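Participant: Use these hints to put chain Y onto chain P, whose structure you have.
As they're listed, the protein sequences go chains P and Y. According to the working numbering, numbering within the first sequence proceeds without interruption in unit steps and concludes at 482. According to the working numbering, numbering within the second sequence proceeds without interruption in unit steps and concludes at 482.
Because the hints were derived from the structure by calculation, they are not lab data. Please read these numbers as outputs of a predicted model, since none were measured by experiment. Honestly, I wouldn't trust all of these hints.
Repeated chains share a single entry, so a pair holds when one copy, or any two copies, can fit it.
Unchecked claim - In the SDA-like style, the derived pairs of lysine to any residue whose C-alpha atoms are separated by at most 20 Å in a straight line are:
{"id": "1", "residue 1": "K209", "residue 2": "G337"}
{"id": "2", "residue 1": "K63", "residue 2": "G324"}
{"id": "3", "residue 1": "K41", "residue 2": "E107"}
{"id": "4", "residue 1": "K86", "residue 2": "Y37"}
{"id": "5", "residue 1": "K203", "residue 2": "L461"}
{"id": "6", "residue 1": "K66", "residue 2": "I325"}
{"id": "7", "residue 1": "K88", "residue 2": "D106"}
{"id": "8", "residue 1": "K86", "residue 2": "G105"}
{"id": "9", "residue 1": "K291", "residue 2": "I325"}
{"id": "10", "residue 1": "K63", "residue 2": "P294"}
{"id": "11", "residue 1": "K41", "residue 2": "D106"}
{"id": "12", "residue 1": "K419", "residue 2": "R112"}
{"id": "13", "residue 1": "K152", "residue 2": "G105"}
{"id": "14", "residue 1": "K19", "residue 2": "H226"}
{"id": "15", "residue 1": "K63", "residue 2": "K321"}
There are 2 protein chains.
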Amino acid sequence: MSNDKKVERITDMEKDFAQWFTDVCIQAELVDYSGIKGFFIMRPYGYAIWENIQNVLDKKFKEGGHENVSMPVLIPESLLQKEKDHVEGFAPECAWVTHGGDEELPERLCVRPTSETLFCDHWSHVLHSWRDLPMLYNQWCSVLRWEKTTRPFLRGREFLWQEGHTLHATEEEAREETLKQLDVYADLCENYLAMPVIKGNKTDKEKFAGAVNTYTIECMMHDKKALQSGTSHFFGDGFARQFDITFTDRDNKQKYPFQTSWGLSTRVIGGIIMTHGDNNGLVLPPKIAPVQVIVVPVAQHKEGVLEKAQALYEELKALGIRAKIDTSDNSLGWKCAQYEMKGVPLRVEIGPKDIENGSCMAVRRDNREKTSVSLSELETEIPRLLDAVQKGLYDKAKNNLDKNIRPAYSLEEAKELQENYGGFVKTMWCGDLKCELDMKEKAGMSSRCIPFKQENLGETCACCGKKAKHMIYWGVAY
Amino acid sequence: MSNDKKVERITDMEKDFAQWFTDVCIQAELVDYSGIKGFFIMRPYGYAIWENIQNVLDKKFKEGGHENVSMPVLIPESLLQKEKDHVEGFAPECAWVTHGGDEELPERLCVRPTSETLFCDHWSHVLHSWRDLPMLYNQWCSVLRWEKTTRPFLRGREFLWQEGHTLHATEEEAREETLKQLDVYADLCENYLAMPVIKGNKTDKEKFAGAVNTYTIECMMHDKKALQSGTSHFFGDGFARQFDITFTDRDNKQKYPFQTSWGLSTRVIGGIIMTHGDNNGLVLPPKIAPVQVIVVPVAQHKEGVLEKAQALYEELKALGIRAKIDTSDNSLGWKCAQYEMKGVPLRVEIGPKDIENGSCMAVRRDNREKTSVSLSELETEIPRLLDAVQKGLYDKAKNNLDKNIRPAYSLEEAKELQENYGGFVKTMWCGDLKCELDMKEKAGMSSRCIPFKQENLGETCACCGKKAKHMIYWGVAY
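Isolated chain P, as found in the complex (with noise of 0.2 Å):
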């Protein structure tokens, strides 16, 4: 039975960045559309990447001594309400439960838009002694925010996230958690995701509500916008000493403990489509990718070939690799031009010719090089080509940020920079929020984040001429 299924041209990124985004997600099968606006499917292939990177991030957090829990869904509106800016950040955004059953609720409830408010009423409970500190708790669960604008990945009315809660019994204890886990997800974009961060400390407007200091990883897409990837928060003492969460110390003192809190959401795999994608779609590192190798076998009616074929996907999947092969009826070009839509790392192709060399054609995804494999070298070649196909990714998004960070020194210059060329400007600045609402208003430009490595460009603001206090980073965010 023939199957003349084609797979369905997406629009070209440079005549339409975001419509050829949405592209890729249908036609990459990674998330559908729900009867609710902002409300995403992720479909097995979409889910499958997130569960790669859960599983990395789960294994870092229990190494660093963290354990997960689970919080409910719902948030009373007197609980959310007890930290003033935590409240005005989020309350705008909340869906809300009115009703159980056929009863009207004597108190309207929320659907968690992150959980602080529901971990400091438990700890207040729970924490007594300086035996019980830290606390290092994370949770995997879906958040609620009712956006206005939304797209699968990037903004969504609901998202999948991990939410880390941590409490301590001194500032600098937690001040070094705030700082040792945005460096997990820094290792996680950087050396898994293959995307090159840019590790800083947001400013006073753009931190997270009720934190004293929002650290963030900034990441440039394909178009050289921004992407916040990961963010990691310190919140001094101000929501125990709202929640009355105290612990009896070493000196037998009563003290409000620390508190930091980290998220890391399926925002990032948005963040790896605009990063790595290309006009035949999706382009997966392959460190989380569901497939790393399909096998497709060529000329498969001939004898012998789908059991050669079998048997060199029987083989890699013993030395560990995640394979899959299409025996289907469906055509090689369509097989071809399927699984470069679904970004498979390396697409191995084996023929009657192959079969007569004992050698197989691995076909890389990311330039499409071609190398012929012998089959007794697969244990070494196929993992070799899988690592220069990660490196490759890296390397080509590590030199498209580099090369789209321009200094400025002027607002002026900012603006033109931003542009002419899009990608991050870097100027000094004061740090007064004047400034920065004036290069979001003239320049489009919202600060990305003050890099930890610090560069002198000179000794006056950009935008007042004032005493630098920083070097900044500015860009267009998604």
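Facilitator: For chain Y alone, coordinates are given in the frame of chain P:
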């Protein structure tokens, strides 16, 4: 610094089983109450049990070809209403979101009580050809059911579960899947949780809203009440017809696929507690215990004890055993009581005398049996003891189940057996709802299941005397 912390006594189970259960949940640090009735916080120790159960099941699901997905947490009211029986079963228990941010929503959205309608809606978009079948999906998530009476694990307004949802080209294949997944649950319960099960059919009265058949595994708790521990449903093509899910079959005809779903929840943790626990607290089967062995130094202030204890702990970890060591300044008595409360299967004590003898003392949680283990034989002896605890728990539970199933030949006899002994009563049954309601009203027992393993206890229904169709189990259930 000394620490006079006490492990609080719990209520004896013989005195008040319900209070004993709650005490264990709190004192073993499995859960905490949240600010909303029926919403429980799963603390690290409780959640770690769930993670171990997840690991077992997720592996089995994936080996069976299932893939994980993520569906929205909210369901539009109109979508829930598409299948008549289904909405009747669930609408009275729904929590309703009516506002997003400041706006009243045009349609109420229900926080999912189960996701059949969401899967069906999705399938109606993505199913085209017989090539797309079967679709074997699973989701790990929480669901909400607005119950009146709530208890940790057993009945929450929110609980964690997995829900499998599959679609098949033929009825035969779907029916096979339904039973296969029931076997996965039975295997989990019997071989990991040490909970013997009875597999069978639910009656029409007790089946899932919208299902053609519901299969169940029923367990018996220590108080001889029943706990329905997992269910698997065959839907026929009913939902497919309501949601207009069709595919082009090999013969080029449009057909409706056949559907299943199956779920197992954190309720089984309640089952573990009530099957194995005792008056000293929780007792965990080693295969899913977060901590399998707790190492406790005896007279740890004496020279060399802490070092030896630490070396012992490191060795156990290297053997792949989930071990922990408690070197805190709490008293030995507190430590013993605390890890008994938490149900750690094996406590290993090591003090000066043991060190002299080149041994340690292993104490089983289930029967407090002490075994001196040579330090040179840890590799064989500790796993052997863990296996012995696992088997001991299963055998004890199996004995409790077997000796508490009694045949009855009239409703009066059934009632008397229930009142005098509790447990399950087995009778012949005509299959009529009226007799099922009679048994409930007069003997206080609901039908547990029509077991796959039928016995012939006679020709007539124990309730009405008409011709019998099946043997059935009755019991008082959680």
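Participant: With identical chains, the pair K41 and E107 could be close in the same copy or across copies; at 20 Å between alpha carbons, which is it: within, between, both, or neither?
Facilitator: Classified as between: cross-chain Cα gap 14 Å, same-chain 27 Å, threshold 20 Å.
Participant: Taking 20 Å as the upper bound on the Cα-Cα distance, should K86 and G105 be classified as within, between, both, or neither?
Facilitator: Only across copies: K86 and G105 sit 19 Å apart there, 28 Å inside one copy, limit 20 Å.
Participant: Which holds for K291 with I325 at a C-alpha limit of 20 Å: within a copy, between copies, both or neither?
Facilitator: Classified as within; 10 Å inside a copy, 28 Å across copies.
Participant: At most 20 Å between C-alpha atoms: does K86 with Y37 qualify within a copy, between copies, both, or neither?
Facilitator: between (36 Å within a copy, 19 Å between copies)
Participant: With 20 Å as the alpha-carbon cut-off, assign the pair K63 and K321 to within, between, both or neither.
Facilitator: Intra 23 Å, inter 16 Å, cutoff 20 Å: inter-copy only.
Participant: Classify it for me, K209 with G337: is the Cα-Cα distance of at most 20 Å met within a copy, between copies, both or neither?
Facilitator: neither (51 Å within a copy, 53 Å between copies)
Participant: Are the CA atoms of K66 and I325 at most 20 Å apart within a copy, between copies, both, or neither?
Facilitator: The answer is between: 16 Å across copies meets 20 Å, while 25 Å in one copy does not.
Participant: Evaluate K203 and L461 at a C-alpha cut-off of 20 Å and name the case that applies: within, between, both or neither.
Facilitator: within (18 Å within a copy, 74 Å between copies)
Participant: Check K88 against D106 for me: Cα-Cα at most 20 Å, and say if that holds within a copy, between copies, both or neither.
Facilitator: between (33 Å within a copy, 18 Å between copies)
Participant: With identical chains treated as interchangeable, where does the CA-CA distance between K41 and D106 reach 20 Å or less: within a copy, between copies, both, or neither?
Facilitator: between (26 Å within a copy, 16 Å between copies)
Participant: Can you give me the call for K63 and P294, within, between, both or neither, at a CA distance of at most 20 Å?
Facilitator: Both: 18 Å inside a copy, 15 Å across copies.
Participant: Reference check for the pair K419 and R112, CA-CA at most 20 Å: within, between, both, or neither?
Facilitator: neither (45 Å within a copy, 45 Å between copies)
Hints 1, 12, counting from the list given before, are not met by this structure.
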